[in-house]
Amino acid sequence: MSKEVEKTEYVSYLDHQGKYKGIFAWIFTLDHKRIGLLYMYAIIALFFVGATLGLLMRIELVAPGETIMKAQTYNGLFTVHGIIMIFMVVIPGLSVIFGNFFLPILIGAKDVAFPKLNRMSWWIYIVGCIMAVASQFLKNGPPDTGWTFYAPYSTSTGTNVIMATSAAFVLGFSSILTGLNFIVTIHQMRAPGMKFFHMPLFAWSIYATAWTQLLATPIIGITLLMLIAERLFGIGFFNPALGGDPLLFQHLFWIYSHPAVYIMILPALGVISEIIPTFCQKKIYGYKAIALSSLAIAGVGFLVWGHHMFTSGMSDQARWFFSLLTFLVAVPSAIKVFNWLSTMYKGSIDLKPPFLYALAFIFLFTIGGTTGLLLGSVATNVQVHDTAFVVAHFHYIIFGGMGFAFFGAIHYWLPKMYGRMYNMKRATIAWGINFVGFNLLYFPQFILGIQGMPRRYYDYLPQFQAGQVISTIGGFILVSGMIFMVYNLVQGARHGSIAPANPWQGTTLEWQIPSPPSVENFDEEPVVKENPYDYK
Amino acid sequence: MANNTTHTTEYKVLARVLLVLMFLTFLTISVTSYKLAAFSVTIALLIAGIKGFMVLTYFMHLKYESLLLRILVAMIFVLYAVIVLITFIDYAYR
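As given, the protein sequences belong to chains A and B, one line each in that order.
Plus 213 on top of the position in the first sequence (first one is 1) and you've got my numbering.
Plus 1001 on top of the position in the second sequence (first one is 1) and you've got my numbering.
Just chain A, with the same shape it has in the complex (with noise of 0.2 angstroms):
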């Protein structure tokens, strides 16, 4: 396969020389695929920032009391870390990334629908990002209100509240422009012959999320800006001694940020459903219930937002609507995972990096998802509401689910993407320390949750310690294990040996165009007329 490539003529998106050079080829282009990159160096960079607080918050609570920082400074980092993750990294994620790398090519096009809306989606990212890293640095300090705003608190504190929820708000216009282009485009530059059941499941699971970014961001646009009126106008929507309702303002922010929880996931099952039946050999186990999964999500996910507000004071008719509500999520979620180990069995398994790691997402995101539904219960959720139990609960789904699916998809797609490979030995030793690293980092928050140990406290009675050293413990081999990750990735993208087109015998059609691909991705446009999982 390799030779024929070689033969092709073509130059590749990378080599290409177009109307600007050097970092201007870069910020003004209108090729998705570089503009999936861009994306990927900003929130890789913006992911280790946030790592990095993280383990200045781990090192603070390997002892009780003070150790390396004051308890403001604490309610600062816990901030910050979450605005970054959240608003930054695992929100666009995936999703911004690899949907614009490789959703035009999965179904059969040259680009996305509206070229110069993407480059300006990511320049509109851009500035919300600086907008939310200056929040942390202009005078007043960094918010303290944790990443989720929560009212009467943010309408009051002094701290930097209106410039970190504007950025969110600058951030959400490029989520929805995202969302928007990617809808078009699969609506409307579909190879001939591929209906929506010849599309891969990538395809369909950013399909999906591009309708919750559409439908549901604009809701926390409106609730972000009806808090800075409340700061700066005094209009009263939530603070009580206003006439306001701060419970409206938990309502409206979670009426968004439940369903970007499946912004978050729903991409990553997306990866996971390209990655198994490739390292299987085999044509994926019940297509369409994967595929018609991903709508059910998105649009269940819509409705089950009360299970993140069970103790905050809501009506108890609510409370049990909202749990038979999140208990119905569990369904789809589950057809997939069935899905998955259906596609497996008796496949010709092969124990690659990207199939580690949807490996690991599946263990991982399993445990996530069961824990849920201990959240989703009224009667257990009140028991561990507000503990260390949910941050393990949230990071098992979120860091667990979507961070190690797009660990699998760079290390699936990056011979695609630089045309080189990385080293393989490495890769799967780095798989290890980041499974056995994360797995000390929060399972034993899981346990110091049930125990009584709160989440966002910056101290801590003595009986918790053993858990949070071993935490810390386990935080320190994750972070170890991801920079060997990236040093292997980095060096295989740079001096890697030369990829084939198709070093994993895939299916789709991006493992039918050389390695890396040309600007236009295909010298004849392709023709899809049968399922793209076809392993014969």
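The set of hints was computed from the structure by calculation and includes no laboratory data.
Some chain B residues near chain A, calculated using beta-carbon distances under 10 angstroms: (1) Leu1070; (2) Met1076; (3) Ile1077; (4) Leu1080; (5) Tyr1081; (6) Ile1084; (7) Ile1090; (8) Tyr1092; (9) Ala1093; (10) Arg1095.
Here are the computed distance ranges between Cβ atoms for each label pair: (11) Leu1019(B) with His229(A): 46 to 52 angstroms; (12) Leu1020(B) with Leu455(A): 34 to 40 angstroms; (13) Ile343(A) with Leu1028(B): 41 to 47 angstroms; (14) Ile1051(B) with Ile663(A): 47 to 53 angstroms.
From chain A, some residues computed to sit far from chain B (all C-beta separations above 12 angstroms): (15) Leu266; (16) Ile281; (17) Phe446; (18) Gly456; (19) Tyr498; (20) Lys501; (21) Tyr673; (22) Val703; (23) His708; (24) Trp717.
The beta-carbon is built from N, C-alpha and C at its ideal position, and this holds for glycine as well.
Once you've looked at the hints, dock chain B against the given chain A.
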């Protein structure tokens, strides 16, 4: 494809829609003078929904689009209605 076709809506139709929209705006303001408790929100949202529907249908040419697109837009309306309804399960019983 539907979006490659040019559609012309008569000015007469657009003017009628505009008049209806203005009347509904007047109605939205008028009903605030009545004490309808929780129903005041319901009525305001209902009127706003009708106005949004008319703008989408006539000014944004949704009536000329494919059935799939019309169904998708209708489902968005239904979704928002369900979200508001569920929120009011809390407010009605708190």
